[in-house]
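Number of protein chains: 2
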Amino acid sequence: MNATDLGLPVDVPSTALFTDHYELTMLQAALKGGTADRRSVFEVFTRRLPEGRRYGVVAGTGRVLDAVENFRFDSGVLGFLRQRHVVDEPTLDWLASYRFSGDVWGYPEGEVYFPGSPILRVEGSFAECVLLETVILSILNHDSAIAAAASRMASAAGTRPLIEMGARRTHELAAVAASRAAYVGGFTTTSDLAAGFRYGIPTVGTSAHAFTLLHDSERDAFQAQVNTLGRGTTLLVDTYDVAEAVRSAVDIAGPELGAVRIDSGDLLLVAHRVRQQLDELGATDTKIIVTSDLDEYAIASLAAAPVDAYGVGTQLVTGSGHPTCSMVYKLVARAESADPKAPLVPVAKKSTGGKTSIGGRKWAARRLDEDGTAEAEVIGTGAVPAELADRQLLVELIKGGQVIAREPLDAVRDRHAAVRANLPMSAIQLSRGEAVIPTEYV
Amino acid sequence: MNATDLGLPVDVPSTALFTDHYELTMLQAALKGGTADRRSVFEVFTRRLPEGRRYGVVAGTGRVLDAVENFRFDSGVLGFLRQRHVVDEPTLDWLASYRFSGDVWGYPEGEVYFPGSPILRVEGSFAECVLLETVILSILNHDSAIAAAASRMASAAGTRPLIEMGARRTHELAAVAASRAAYVGGFTTTSDLAAGFRYGIPTVGTSAHAFTLLHDSERDAFQAQVNTLGRGTTLLVDTYDVAEAVRSAVDIAGPELGAVRIDSGDLLLVAHRVRQQLDELGATDTKIIVTSDLDEYAIASLAAAPVDAYGVGTQLVTGSGHPTCSMVYKLVARAESADPKAPLVPVAKKSTGGKTSIGGRKWAARRLDEDGTAEAEVIGTGAVPAELADRQLLVELIKGGQVIAREPLDAVRDRHAAVRANLPMSAIQLSRGEAVIPTEYV
Numbered sequence: 083m084n085a086t087d088l089g090l091p092v093d094v095p096s097t098a099l100f101t102d103h104y105e106l107t108m109l110q111a112a113l114k115g116g117t118a119d120r121r122s123v124f125e126v127f128t129r130r131l132p133e134g135r136r137y138g139v140v141a142g143t144g145r146v147l148d149a150v151e152n153f154r155f156d157s158g159v160l161g162f163l164r165q166r167h168v169v170d171e172p173t174l175d176w177l178a179s180y181r182f183s184g185d186v187w188g189y190p191e192g193e194v195y196f197p198g199s200p201i202l203r204v205e206g207s208f209a210e211c212v213l214l215e216t217v218i219l220s221i222l223n224h225d226s227a228i229a230a231a232a233s234r235m236a237s238a239a240g241t242r243p244l245i246e247m248g249a250r251r252t253h254e255l256a257a258v259a260a261s262r263a264a265y266v267g268g269f270t271t272t273s274d275l276a277a278g279f280r281y282g283i284p285t286v287g288t289s290a291h292a293f294t295l296l297h298d299s300e301r302d303a304f305q306a307q308v309n310t311l312g313r314g315t316t317l318l319v320d321t322y323d324v325a326e327a328v329r330s331a332v333d334i335a336g337p338e339l340g341a342v343r344i345d346s347g348d349l350l351l352v353a354h355r356v357r358q359q360l361d362e363l364g365a366t367d368t369k370i371i372v373t374s375d376l377d378e379y380a381i382a383s384l385a386a387a388p389v390d391a392y393g394v395g396t397q398l399v400t401g402s403g404h405p406t407c408s409m410v411y412k413l414v415a416r417a418e419s420a421d422p423k424a425p426l427v428p429v430a431k432k433s434t435g436g437k438t439s440i441g442g443r444k445w446a447a448r449r450l451d452e453d454g455t456a457e458a459e460v461i462g463t464g465a466v467p468a469e470l471a472d473r474q475l476l477v478e479l480i481k482g483g484q485v486i487a488r489e490p491l492d493a494v495r496d497r498h499a500a501v502r503a504n505l506p507m508s509a510i511q512l513s514r515g516e517a518v519i520p521t522e523y524v
Numbered sequence: 083m084n085a086t087d088l089g090l091p092v093d094v095p096s097t098a099l100f101t102d103h104y105e106l107t108m109l110q111a112a113l114k115g116g117t118a119d120r121r122s123v124f125e126v127f128t129r130r131l132p133e134g135r136r137y138g139v140v141a142g143t144g145r146v147l148d149a150v151e152n153f154r155f156d157s158g159v160l161g162f163l164r165q166r167h168v169v170d171e172p173t174l175d176w177l178a179s180y181r182f183s184g185d186v187w188g189y190p191e192g193e194v195y196f197p198g199s200p201i202l203r204v205e206g207s208f209a210e211c212v213l214l215e216t217v218i219l220s221i222l223n224h225d226s227a228i229a230a231a232a233s234r235m236a237s238a239a240g241t242r243p244l245i246e247m248g249a250r251r252t253h254e255l256a257a258v259a260a261s262r263a264a265y266v267g268g269f270t271t272t273s274d275l276a277a278g279f280r281y282g283i284p285t286v287g288t289s290a291h292a293f294t295l296l297h298d299s300e301r302d303a304f305q306a307q308v309n310t311l312g313r314g315t316t317l318l319v320d321t322y323d324v325a326e327a328v329r330s331a332v333d334i335a336g337p338e339l340g341a342v343r344i345d346s347g348d349l350l351l352v353a354h355r356v357r358q359q360l361d362e363l364g365a366t367d368t369k370i371i372v373t374s375d376l377d378e379y380a381i382a383s384l385a386a387a388p389v390d391a392y393g394v395g396t397q398l399v400t401g402s403g404h405p406t407c408s409m410v411y412k413l414v415a416r417a418e419s420a421d422p423k424a425p426l427v428p429v430a431k432k433s434t435g436g437k438t439s440i441g442g443r444k445w446a447a448r449r450l451d452e453d454g455t456a457e458a459e460v461i462g463t464g465a466v467p468a469e470l471a472d473r474q475l476l477v478e479l480i481k482g483g484q485v486i487a488r489e490p491l492d493a494v495r496d497r498h499a500a501v502r503a504n505l506p507m508s509a510i511q512l513s514r515g516e517a518v519i520p521t522e523y524v
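Protein chains in written order, with the numbering used here: chain A, 83 to 524; chain B, 83 to 524.
It should be emphasised that the hints constitute simulated quantities derived from the structure, not laboratory data. Treat the hints with care, since some could be wrong.
In this list, chains with the same sequence are indistinguishable; a pair is considered to hold if it fits within one copy or across any two.
Said to hold, decoys possible - List of simulated lysine to aspartate or glutamate pairs, EDC-like, C-alpha gap at most 20 Å:
#, residue 1, residue 2
1, Lys114, Asp175
2, Lys369, Asp390
3, Lys432, Glu326
4, Lys432, Asp323
5, Lys481, Asp453
6, Lys423, Asp375
7, Lys432, Asp298
8, Lys114, Asp170
9, Lys481, Glu469
10, Lys423, Asp119
11, Lys481, Glu522
12, Lys481, Glu452
13, Lys481, Glu362
14, Lys432, Asp156
15, Lys481, Glu457
16, Lys432, Glu418
17, Lys423, Asp361
All figures in this text were calculated on a predicted structure; none of them were measured in a lab.
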């Protein structure tokens, strides 16, 4: 694995320590107790959507495939586990040759999901599957949270482009994954160079208030920017007086000025004033970009305003109120013995205290109405009803340890747009509500 | 830089792309315009605390020092910038030899902060400082948000230990930083092996429900766990029936059983019942660990319950409602010219739309009352009043490009505990309120 394969500008020699301590102690106990080889089925799902949300967005699957492929215990990692007495020597020996050799099925990345949707299914020996819990959940819980917020913002923005600019508001590497998830959800560009490098997402940006303040006057700053970035650049016009800045901007760049950016104030009011001023100055093609503390509601409220593009930061990378999903990784079936032919037994937590789940390896299908609009998420453990056979959602991602379903990010992005378009209209309402289609168990 | 120096298990060859596109275009424009060498002062501060919070916690400073030291544009990065036409050839040449050569002062990591506190000050040429905006803010905004939540939870937990177990709820590398920040805020251990490897934080964990479900019976699972992890282990008792599980646990492990863990249900009620049952079974030294969707309020509500330790996940890594801080990186002063001896001019955004700030290089000091309790955060731009001279908060972190203030994480953790203890008592009330001390500008 090198930097271009995995999360740039970071070379991750192994993902094996993105793991909770208890996964290794369970492994040790299972190895010693003779249960480690029992064939097991784990599923990733959530019991509920974040409050008020109508649908979830599967994101991070591509990163999960990388993480599973790269999950190796090298000598440095083994030395750490030995020195800290995390597990015993036989377990360390077992880890040294670890390669995931099982199967993974899942919802294709960019699909939507609902409560109970089995968005990922991991099948293999208990030992090889139990170790993957944390890294799989980290990726899916984070990326899906961002993609869900991005998807709502993209609905609100309609055809206007969305710029992801939240890197400064989240962990520096979470930011790279957030740009990726935002792109899946419908964003068009990012400010984050690392996301451009790693995932090929188009990067954009021109200047901050600091650039204006560096100069002896705002005019000097605008002139310097136009001199080097050209008349098509975007000038930031709210450092001092917006009207004065717009006048200077058009005076210096002419009507070919690409855009002005407004980063503070009452955006609705200011956008209207600036549009009028630009038009009066003859800069009718100059665009207006707004970038101040936007979320999906603010974007929607600007739908009728003369705004050409939105830049979104904080609310995007924090999932617009829901920075994580509540996905869990649960054992749903396991063999009666270590015999590879032993039948699978459905299992589930039964305590009365809540957090119960449904045992058994599941299929999932989306039933459509006669217009092709989604009508229900249907989940079952037995045979798939004939009428749903071609509506099944799970696809094979890893077969016998080999990743077989890598795909370009643009394909994922297109899938999400297509799937969202097939949800009932109320899915894209921003108001709080229940999941837009019910989950039915058969 | 190798994996043990920087964020394990990740080798970050450079942090230079954790940067927003516009920082490079500003650099290009400043280089061409002749303003790039103007001596500049940038400050990191927040205009407000998250709603209802009484104080903030500075965290991530140590990671900032690593990131600045490691901020280099190697051939791969330069090739990307060239191919994508982010900047022109003279700018690429300038970047190729980039090394930060300026000075950084800041609040020591673990300190508390208030609205306006200049928690970091970066001084050097405009060109070398402007590039660091995003990576510095990413680290401080993320880590400080987690540390603030951790600090409140630690206050609520009193002397009981807190286990950080949120890796699965956040990006896999944000999780490592979150463990670090949680430790700074007062957590005692983590489930995240990567955090143990990278930062030496003690890691803990024993088993999940999957381990019980893997076995033919709960007794089999408990026996297997005790056989390999010993009688001092922690058994998870809420997979089926808690009372039955506690009986089995003590039957198998005897009164030497280390602890039982409860991960669902009404924790207050269940903890009381389990304590009574353990005592009746003679397991009076067996501890009770609770781990279900805890936050600082839930922890506080269990203060009178027979609970010995808390495990916290989601709410810790999402900042308990505030997953990011609103810290900004603002140019507050710059030289009149590129002459190294040119005097500094205070600068600040003035637009009426909000987001204004105070220009000038600032000092900060915390005034104490006669009992040694914090009374006010005093911030100024002129001479430091004599009575505050020994209460100054900013310390030198990087001098002429050299990091001079690395410190062990335990020292940071101890500092936070000591500083928090010197805040007015109301700081540790969980109820919403204003900043616990006022910010005064002189």
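Checklist entry - Which earlier hints can't be squared with this structure? => result Numbers 5, 6, 9, 11, 12, 13, 14, 15 and 17 - these are the hints that the structure violates, sorted from lowest upward.
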